[in-house]
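Colleague: With the sequences and hints as input, model every part of the structure.
Heads up, the sequence shown is in my numbering, so the first residue is 1 and it goes up one at a time.
Treat the hints as calculated values from the structure; they're not laboratory data.
Cβ coordinates follow ideal geometry from the N, Cα and C atoms, glycine included.
Wrong hints could be hidden among the right ones.
Said to hold, decoys possible - Below, computed lysine-lysine pairings styled on DSSO-like, alpha-carbon distance capped at 27 angstroms:
| id | residue 1 | residue 2 |
| --- | --- | --- |
| 1 | Lys85 | Lys201 |
| 2 | Lys194 | Lys91 |
| 3 | Lys174 | Lys201 |
| 4 | Lys91 | Lys201 |
Said to hold, decoys possible - DEER-style ranges, computed between Cβ atoms:
| id | residue 1 | residue 2 | range |
| --- | --- | --- | --- |
| 5 | Glu35 | Gln172 | 40 to 50 angstroms |
| 6 | Asn223 | Asn170 | 53 to 63 angstroms |
| 7 | Leu219 | Ala188 | 39 to 49 angstroms |
| 8 | Lys171 | Thr20 | 21 to 31 angstroms |
| 9 | Lys36 | Met1 | 29 to 39 angstroms |
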Amino acid sequence: MQLKAAKNGNAEQFLCLAATYIDLTTCYFGTSFSEKESERNTRTENVFLALWQQLAYAERLSDFEFMLASLLFKNTSSGASITSKSAIVRKMRLLEPKVRFALIAYELENWPLRWVSLLMRLKPSALHAILAEARCELCGVSWESLALDERKCLQQISQSQDKYPNIQTNKQLKNRTAIYPRISNIKAQWLELKPELVEVKMRYKSNLINRELILKNLLESTNQTSFIKPAIVDRMVNSMNFSRHSKINIS
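Modeller: Here it is, written out as structure tokens:
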């Protein structure tokens, strides 16, 4: 309903929609490169202003989320500083943008796997492979250094965590994991890292004052900015399979 109202030019409803994704966006930028909080807030405002301009292209909420992710991926500078006093933040900044986004959405924002899979246009098995890679790298083990069987085992562990507990499956997985000492260590380290991930989220989550400032500035910007009108053929294509939207970069 918010998306439909926003597409009709209701800026207040767009702010309600954007507010849902502010924490995801600030956390993504915070774990991408080093910059002042004020700069990160401005970058976040620019992302959502760009989304406002492209809103007419979105037919479904998943289309809006796809555009958000696309803007984040395309505007993550490879030359920016990744320095941080936090070891886990440095490791997150070294991840590929799509890997980092999947980790944040699934682990920090608690998005259902189905949502992340739909947004990233990936099968659940492929998404679990990405999540397994992220966990591996954050535990200080290079994904490339793992043998194929070790990778498959780590992916199975990832899949098992997203399902209801199954005694038989868990027993088989435990026996298989015991064959690979490095996988056992990664699994144990990952459980230890979870509290640190919560700290990362709280560090880059906008406080109430900054959140209100972002939304206030965004409201002023949207009232001065019009939609980009998509061609009829683009709307027809997007009604079946979202693939067309205007290319807008953010500063």
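Colleague: Which of the numbered hints above does this structure break?
Modeller: 3, 8
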